[in-house]
Amino acid sequence: MTRLLGIALVAGAISVPAYSADRFDQKLTPDKQILHTINRLTFGARPGDLGEVRRLGVEKWIDLQLHPERIPENPELAARLKQLTTLQLATWQILEKYQQAPLMIRPVQPLAGLTSLQVCKLMQGGTVDERRSVIDSLSSDRRQQFLAFGPTQALDGLADIQQEAAAARQADQQARQAEFRRLMPPLMDLLTSEQIRVARNGTDAEKLALFDSLDAEKRQKVIRSLGPQMLVNLPNLRRESMVVGQPQVYVNSELVDNKLFRALYSNHQLEEVLVDFWMNHFNVFNGKGQERVLLTSFERDAIRPNVLGHFRDLLLATARHPAMLFYLDNWQSQVQRDDIRPPAGSFNGTPLNRPGLNENYGREILELHTLGVDGGYTQQDVIAVARAFTGWTVYDLQRYAEFQFNPATHDRKEKIVLGHTLPPGRGEQDGLEVIDILARHPSTAKFISKKLAQRFVADAPPASLVDRMAATFTKTDGDIRAVLQTMFSSPEFLSEGAWRAKLKSPLEMAVSAVRALNADVTDTFALSQRIADLGQPLYGKVEPTGYPTTGEAWASSAGLIGRIDFATALSGGGIPGIRVDMSRFNFKAPAAVASDLLGAAPTPATLTAIEKGIQEKEATPSMLATLVISSPDFQSR
Amino acid sequence: MLTRRYFMRASAIAVAGMGAAPSWLVRAAAPGESTRNKILIAIFQRGAADGLNVVVPHFEKRYYELRPTIAIPAPGKNNGAIDLDGRFALHPSLQPLKPLWDSGQLGIVHACGSPDGNRSHFEAQDSMESGTPGRTTEDGWLNRALPPLTAETSSVRAVAIGAKMPRTMRGDRGAIAVSDLQQFRVRNDAATSILESMYAKADAPLMAAQGKRTFDALKTIESINRTPYTPAVGAQYFGEFGTGLRQIARLIKAGVGVEAAFAEIGGWDHHSNENGQLPPLLTQFGNSLAAFARDMGDRMEDIVLVTMSEFGRTAAEDGNNGTDHGHGNVMFVLGGPVRGGRMFGHWPGLESEQLFERRDLAVTTDFRSVLGELVHQHLGQKTEQVFPGFSIGEPLGVLKT
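So the protein sequences, as listed, match chains A and B. First residue of the first sequence? That's 1 in the working numbering, and the numbers climb one at a time after it. First residue of the second sequence? That's 1 in the working numbering, and the numbers climb one at a time after it.
There may be inaccurate statements among the hints.
[To be verified] Calculated lysine to aspartate or glutamate pairs in the EDC-like style (CA-CA distance at most 20 Å, straight line): (1) Lys617(A) / Asp189(B); (2) Lys253(B) / Glu222(B); (3) Lys541(A) / Glu240(B); (4) Lys541(A) / Glu264(B); (5) Lys612(A) / Asp203(B); (6) Lys288(A) / Glu240(B); (7) Lys32(A) / Asp203(B); (8) Lys77(B) / Glu611(A); (9) Lys612(A) / Glu196(B); (10) Lys201(B) / Asp25(A); (11) Lys612(A) / Glu240(B); (12) Lys98(B) / Asp298(B); (13) Lys288(A) / Glu543(A).
Rather than coming from a laboratory, the hints here were simulated on the basis of the structure. Remember, it's a predicted structure, so these values are computed and weren't measured experimentally.
This is chain A alone, in the form it adopts within the complex (with noise of 0.2 Å):
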């Protein structure tokens, strides 16, 4: 058995006690299927979820959501996607529009002014004479520009001009300071203490009334002052603070805002599962460097027209897009080249080096992309794949981010992938080659079967289930829609022993609670955090591995308490941009409304709990929302 395997096994037999692998055979009853079939395939059932299922049948219902194509998409979805303004922009439109304002606000030289050979005497050692008369040399603009940001070295010995370097560094700082108080004033600056009050904790009308007041140069300094926390409930502001202070985190947002409001309103379902499970299957870090802004790219042009096609296509998409070329150090990765200089520069005093072999995308396409850490490559396959891979670069990558194929980058030697020898001189057909290989290998079969598996069936997928699964794979070439069909016609997936066998994480739980509530989502902004503070910002995962699949990471007294906090805020309507409508709860009994948010009668620990513990007068319709969606029964899908 493999190593990875084992852990598996292991941890599902702590988390899952009460199903033994057996219970993979034992057939769920027709309507434990149609709930559990929505459990897996989508973010959660909304009211009327279930009886649609049923009207459909569960097995044409599953064809439908592998053919999103086929399913009407929801209007309320296209309503609230229309004000997100970034999503169908090309890389290049966005780097244009949503540049960082530099905050670096006068140029620094401090050689400037100085002849070559002045700077060898102050930087390799002239003596304390010399070094003295070149500084003197200097125009006294030059001279504080100097002793602010020049070498310390070159004072070394000079300690009346030392003592003069500190007060220009200080002179310096406090140009700067007001310099940047000027372009970004406090509120203070800015309006009245009235003013500050209304802006701060007035009503939402007051503060729009006030920001209207403004003339729109003010107006737009005190909405970037104030910042998005402070205007949490009113988006539209939220947004223009964003894209004022904070662009490229703007950006972002959108692709957040977008990624939440398909999960809360897309009818293809399945597909915005797929979505997510292949993104964090590919993780991109948001960020590292400029990667907010290359993300919208990521996932719509090289994820999402893929998580039902063919593997090769999806992981050839990804080696070759800017996202994954700059988060994996690939774009960087050159062949050692004698005859060619290093660059000019330097950092930190030291020059820059030669150019030359970056194994970190070699490595992880290998351990986390296709075949798995127990896959069978060794260090010389991560080097071969690493210099097959050199040229494959990005393209100016602050105005157009754009993949380049640079042949003078690239390796042209003879290079052994897994046995397969690549002949010299290729150029970019070296990658192109290395897909084929690794997507066709068997041991990538098995291992995107496997975690398709862990997602869709258990933490621990019954062995001869990812067997059939990595069989289609091979046999269709990687056509991920027929491993899915394979996978979701097995018994196994509709057997006892993938019955609430998985744990929601938190994107998952918190969704799941607005879809069962029905809640009227206008702004996603606050939504985010809170999944955030559950532990998995979106698109925030630093490593290359994405957000565990499996259940027991996610269980921790952090995560039970984060849960029942946001249960409690969101059923008291205490999400910005959230509304719920408790209505359909009044008068009702506990267990009625369990069954409605839960999709089928609770556990007897969960109600006896509510019933007995539960005053009369406590017993709102949000307190009861709360404890269902606090429960155990709801943590599970």
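Mind docking chain B on chain A? Use the hints.
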């Protein structure tokens, strides 16, 4: 001024008011009893920190040959490393740790790590956190390092900072994860008491296993949260990692029975532009550790803190002013019981034939040798139970005997 004991008594009474106070808390609040116990804290640097630039072997000419661009200049040079013993030196951003080395609270083990040569972050972290390289274990080493639960065990005996339960802490010896003490609360008292009884009887295992301890911890932490926390004068925690250590410090100083704690700091995977990325991270790391030691004051006599990272990085720099996945790394051991101010372990050298697979710093000290000594000598636990199948042999002597 309120004394700590007074505070404990007052808050225990407050807790008693909202339900049964845990017996150990009542005990802790009783006058005349001490709650000082031994504490072991593990810090994980996720992403494979570059040990060779963190603790620099500046006596090795080869170090500078292997890293022409990214080597840290020798002590005395501009931006040079901070010399420790004439052979090794701290990265300049770790200046705050130097006083702890000088005062004998900080010991350093170099060239240590896991015997398996895996260069996968996930696998190597799993192996180090489980404490059982090469075999499958369901729980984490720091959980196994605690005595079994009894009715008297504190609900916050083992605390991991973060929303997710780290592998190191997983297991049946009662650990909780806390992202932020202030946020570890439910603004709904009526619902909380019902949910407490609901989770106590739940048969769905996933969250339910956490249930009882979570609700107990909720009461304890609520009582702690009643008093604002002010770290000791001069203790300046840095960044998110510092915020985590501050939570641990606060729990320990509240005297509520913490025996083990865990915090992590990510972002060490520096395949490119290492000298741009390492200094801010080390600034956060070093300042926060120093702040913690300062904040703890003489409580450091009961505390041992140990740092680790899944593997080191290539001895030579890569093609992008960074380093790729390697093998041997460095561990810091900090605390009153530490025989600090000295380097431990055996330095394997950096010549090509001395490197692991001719590319990485070799591992000459198994990480379990370091942790095993702490578990045995500091916590008084049997090493074989925590690291099954591993024979610790002659202890390194990181702790005072």
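If you test the structure against every hint from before, which numbers come out violated?
Hints 8, 10 and 11 contradicted; others consistent.
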